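J.: What follows is the residue order along each chain.
There are 2 protein chains.
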Amino acid sequence: MNIRIGILGYGNLGRGVELAIRQNPDMELAGVFTRRDPSSLKTAGAPVYHIDSASSMKDSIDVMVLCGGSATDLPVQTPEFARLFNVVDSFDTHANIPQHFAAVDSAAKAAGKVAIISVGWDPGLFSVSRLYAGAVLPQGSDYTFWGKGVSQGHSDAIRRIEGVLDARQYTIPVPSALEAVRSGSSPELTTRQKHTRECFVVAEEGADLARIEHEIVSMPNYFADYDTTVHFISMEELQRDHSGIPHGGFVIRSGRTGLEGEHSHVIEYSLKLDSNPEFTASVLVAFARAAYRLSLEGQSGCKTIFDIPPALLSPESGEELRRKLL
Amino acid sequence: MNIRIGILGYGNLGRGVELAIRQNPDMELAGVFTRRDPSSLKTAGAPVYHIDSASSMKDSIDVMVLCGGSATDLPVQTPEFARLFNVVDSFDTHANIPQHFAAVDSAAKAAGKVAIISVGWDPGLFSVSRLYAGAVLPQGSDYTFWGKGVSQGHSDAIRRIEGVLDARQYTIPVPSALEAVRSGSSPELTTRQKHTRECFVVAEEGADLARIEHEIVSMPNYFADYDTTVHFISMEELQRDHSGIPHGGFVIRSGRTGLEGEHSHVIEYSLKLDSNPEFTASVLVAFARAAYRLSLEGQSGCKTIFDIPPALLSPESGEELRRKLL
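Chains as they are written, first to last, in this note's numbering: chain F, 985 to 1310; chain H, 985 to 1310.
Think of the hints as simulated: they come from the structure by calculation, not from any bench.
Everything numeric in this text was worked out from a predicted model, so none of it was measured.
Quick reminder that beta carbons are idealized off the backbone N, C-alpha and C, glycines included.
Watch out, some of these pointers could steer you wrong.
Stated by the list, open to error - Here are a few chain H residues that face chain F, going by a calculated C-beta distance under 10 Å:
| hint | residue |
| --- | --- |
| 1 | K1026 |
| 2 | A1028 |
| 3 | P1031 |
| 4 | A1119 |
| 5 | R1166 |
| 6 | F1216 |
| 7 | A1274 |
| 8 | L1297 |
| 9 | E1300 |
Claimed, not checked - According to the in silico footprint, chain H covers these stretches of chain F (three or more CB under 8 Å from chain H):
| hint | segment |
| --- | --- |
| 10 | 1020 to 1028 |
| 11 | 1250 to 1262 |
Stated by the list, open to error - Which bits of chain H does chain F cover? Going by a derived footprint, with three or more residues having C-beta under 8 Å, they are:
| hint | segment |
| --- | --- |
| 12 | 998 to 1012 |
| 13 | 1079 to 1093 |
| 14 | 1096 to 1110 |
| 15 | 1237 to 1243 |
| 16 | 1257 to 1266 |
| 17 | 1278 to 1291 |
Construct the complete structure from the given sequences, taking the supplied hints into account.
T.: As structure tokens, then:
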């Protein structure tokens, strides 16, 4: 029998989950759940239900994939839905993970459900790469670079500036910093040395471009600590050249072994993604499989990628995996 | 209490395990076991025992790390020692893994011990990278490149040629093939297109160098399918410039998502290692920690890297890992 998946929330991520399920023959999409009027949603084919009807479908959904935002949706929804379903979310507010974990754990344990939180690539695949690398090379340094990719938060910050119609911000790793890290020299790098920021901005006609540029590059937290380049372009150019949502990055650990640390080793994990939400969705779907299997084993409570035996992510049996991939 | 580790076999790998244990404050080395005369071994400080005394030390060793070779040692030793100890090995004869798994599993289950086999980087970290990437991107292609690094087997094959005093063979990925794979174009690559082989050979005085070179480049299985370069050098040059045992490689998966596969994604994992045996030893030691913890949980039987929740590899608690690495 297929694993029956529900999707809660139908933005870019929820749509990505709908598409990812099609690539996994052991899964089927039971339905999309939304706070909006179900008839207003245009899915790629999935049936749509109002969020209020989810609780009546407890027995026809094996795992609910929660596709809301980390700021306000998931802190409420993940504990709430973990009382009814096995759930997977992509909660990514790093500082609040311990608190989110605790809330989800108590809800899931009480209900006998499995919840896997903070699934995606960072947190997610990047995190587990850091874990493996750190366990193998205890004496070393970790580096994470993001990009080249679109930062939604930084793009939004630019859009709030007076006179800005639309904007797209790319985070870009500094190539010389990447090379220094890859050399195994364990450099100390400042924020400015690791990433640059490039902004494509559509301004209102007659707006003061110099003021807008100054407001961007001097914006605290977002841009002031970086070398930032601003390009003013037309709305047509923005839509033509910057409508994708690419992202990616690099997790690198360099460490030393030997009698006196004479041998250097570099472990690098990198992603180059055409579509950040579709890739994140694909990770969520693989972990939905693991949540289902853990639930079948009788487990319950909150887990993260650190707790999941990798074999549970694959549709293949242990025997097949050992034969083909080991 | 520290995890008490035993080492069976004291070649490059065993010595690497001895050094790796020093980097892990939650571990201590209980002893090195050898088939040789214990007084003939010069360790970096570890006590040495004859292999026959291992069985009498069952209660003072938590995990035995088996550092023998895959050809003849491990097929016998891993099942044998899994009857007495939790064990970890680096068995790397891919074709025989299913058979080795079965033999070790039945021995470990009967004794209530945990055995983790085929631990290292390939099989090992490369394998688990293939698993994560394949689970996340079901529609895609896998590529593994090895090098730049020393292949012991190929170096040995050259040494068996008449007139050769010593030799060192490097396996080198072809840069243009790597770039094609990274582009996401999913190229079909032949053996010759993926790797080149470079050989440094010390010949006997007066040996027929043209004949030696011809025997190398035309050697079936080892060199005939590759573009191979042969350099004749002096023994001094070999010892000065080629005494290290570096290795590494790349595991890359490219895949597609979207309504019609319109988005491409590339996942890359790579290693650049100054010392192949010391790095492999460091992986073994991290998995020894996991074997010990699984044993404390009451588990038994044979496992591979696919079965191990990553958190078990780290000395840090789940709470610390979530706070620092997630």
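J.: Any hints this thing doesn't respect? Which numbers, in order?
T.: The structure breaks hints 1, 3, 6, 10; every other hint is satisfied.
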